[in-house]
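Q: Spelled out from the first residue to the last, the chains are:
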Amino acid sequence: MKSLVKEHIEKIKSGKISLDEFISEIKKKIEKIQSEYSPFITIKIENPEKKGKLYGIPISVKDNICTQGIQSTAGSKILEGYVPPFDATCVKKVKGQGSVIIGKTAQDEFGFGSFSVNSFVIPKNPWDKTRVCGGSSGGAACLTALADFPHIAMAESTGGSISCPAAFCGVVGITPTYGRVSRFGLIDYANSLDKIGTIGKTVYDTALLLSVISGYDTLDSTSLEVRDEDFTKYCEENSKIKIAVPKEYFGEGVDPKIKDLVWKAIKKLESLGAKYQEVSLSQTTYALPSYYLIAMAEASTNLAKFCGMRYGFHSELKGNFEEYFSQIRKLGFGEEAKRRIILGTYARMAGFRDAYYLKALKVRSLVIQDFRRIFKKFDVIAAPTMPVIAPRFDEVKKLEPIEAYMMDVLTAAPNLAGIPMISLPCGFVKSLPVGLHLMADHLQEKKIIQAAHTFEVNE
Amino acid sequence: MVETSKYWKIDKELLEHVSKIARLELSDEEKEKFIKQLEDILKTFKKIDEVDTSKVKPSFHALELKNVMREDEVKTWKWNPLANTKHKEKKYFKGPRIV
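Residue numbers (the working numbering), protein chains in the order written: chain A, 1 to 459; chain B, 1 to 99.
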């Protein structure tokens, strides 16, 4: 697929199109998309103040990433009306490169969900309006698929929130290594798991935005001190990729038609020179519970700061602090947020912490070791991104919470291990897109970008 | 040795205790619903008990991180921290009654 972004940058540079005309044209298009599919929580189109690598490129920002002067709610009522007085580091960086910020995209409240239905704005799947976009970065993927103009989305993943909607909406999503992109200005879900990444129509688009937002930041103590890379230069064909295919990712719960498509993609890469081998990642089934216990424990501490005092949802100051905070939180948090606060608090409680939280952290060590063992011999791991195609809204409604959590069965492990991953389209089942998931070792974004690009240009 | 029978289950009394320390009031309806749902969730999560972690160290992060230290210097803050609240008086946040 041709990159509209690449073309647009050249056209603007050479003066073939006027930026003002372009902006007024996309305004209309954005409004039309919003009226039919609701990918945005807030639309606000800002002209660029500077020129740079992304000059004139529309960038949407997931609502949990703070944008100066634009309401940022993370999809939660408790942050209603919160207008950050500052930009997240990644937003500052894209503005510094001349991009056009177009607004804030819909998501599950604080990222708590895999369908983008746990919030006040619910985006609809671009391929079938009766189906979900996936979550939690559902708005970002939805908009990316629908935009017929150059656009790249800034999204975020804790346990699969970039890969899942990218797969369900048929676009490309990169989740970088944990710490590659500064989290300063991100409304946290789980600090040790949150990663800001990108969603675009092509591998090139996602790599371009990732190059701009990556980098060490003194404002995030967990950001990695590694050299900056231009990821777009890895958009090149590589005929020597060593691929591991883990059998646990092709288990019973995975739609057989999805398995077939992913195998077809692997065979395609083989025909282009890659070598593959089936392997076992024995810790896979333990990754999901470990991920959820850690994520909920961290979320419950992060959400402690929302108490109706300093920002967001307010009420009249009545009763003592315990009564006031409990009331505000009762009214401000949605059901899934409440469930996670309760479970996370429980998992960290005196007498329970070792059995749940600490145990989960130890299992995480084993999951990481499992991946490391594979990456000693292989460049990338290939698997389906999601076990199913995008479900219908009425199907999602019937799911019990634990059934909804099981949707993350293939994305939990790589997210828990903080390794980079990319989901890209590899075909259709029942006219709905299917994602191929490629994962690599820490800081080896180069390998997934090369493999994804090789597949993309030959598809 | 910890008594293990208390794990992976939740009853009303425990739920109410958790909701109190989480400063999160739950309605009776929510309590009833949550007990059932949390039971299902914990039953599935119990699977991690199968893993022998006796010789494993916990990973608080996916990558090894080191502490980042800096001098504690006073810097000017150009953003108005009170911009997003109604609860303020002069230069301060105003909170609910403590006692």
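Hints in this document: simulated from the structure, not taken from any laboratory. Quantities reported herein were computed from a predicted structural model and do not represent experimental measurements. Watch out, some of these pointers could steer you wrong.
Label-pair ranges, simulated between beta-carbon atoms [claimed, not checked]:
| hint | chain 1 | residue 1 | chain 2 | residue 2 | range |
| --- | --- | --- | --- | --- | --- |
| 1 | A | N320 | B | Y7 | 52 to 62 Å |
| 2 | A | L331 | B | E13 | 18 to 28 Å |
| 3 | A | G273 | B | K6 | 55 to 65 Å |
| 4 | A | S280 | B | R97 | 33 to 43 Å |
| 5 | A | E10 | B | S27 | 40 to 50 Å |
| 6 | A | D148 | B | E32 | 44 to 54 Å |
We put the CB at the ideal spot given by N, CA and C, even for glycine.
Q: Take the hints in turn and mark each one as holding or not.
A: We went through each hint and held it up to the structure:
| no. | hint | result |
| --- | --- | --- |
| 1 | A/N320 with B/Y7: 52 to 62 Å | 34 Å, violated |
| 2 | A/L331 with B/E13: 18 to 28 Å | 25 Å, holds |
| 3 | A/G273 with B/K6: 55 to 65 Å | 56 Å, holds |
| 4 | A/S280 with B/R97: 33 to 43 Å | 59 Å, violated |
| 5 | A/E10 with B/S27: 40 to 50 Å | 58 Å, violated |
| 6 | A/D148 with B/E32: 44 to 54 Å | 48 Å, holds |
Going down the numbered hints, you'll see the structure goes against 1, 4 and 5, while the others check out.
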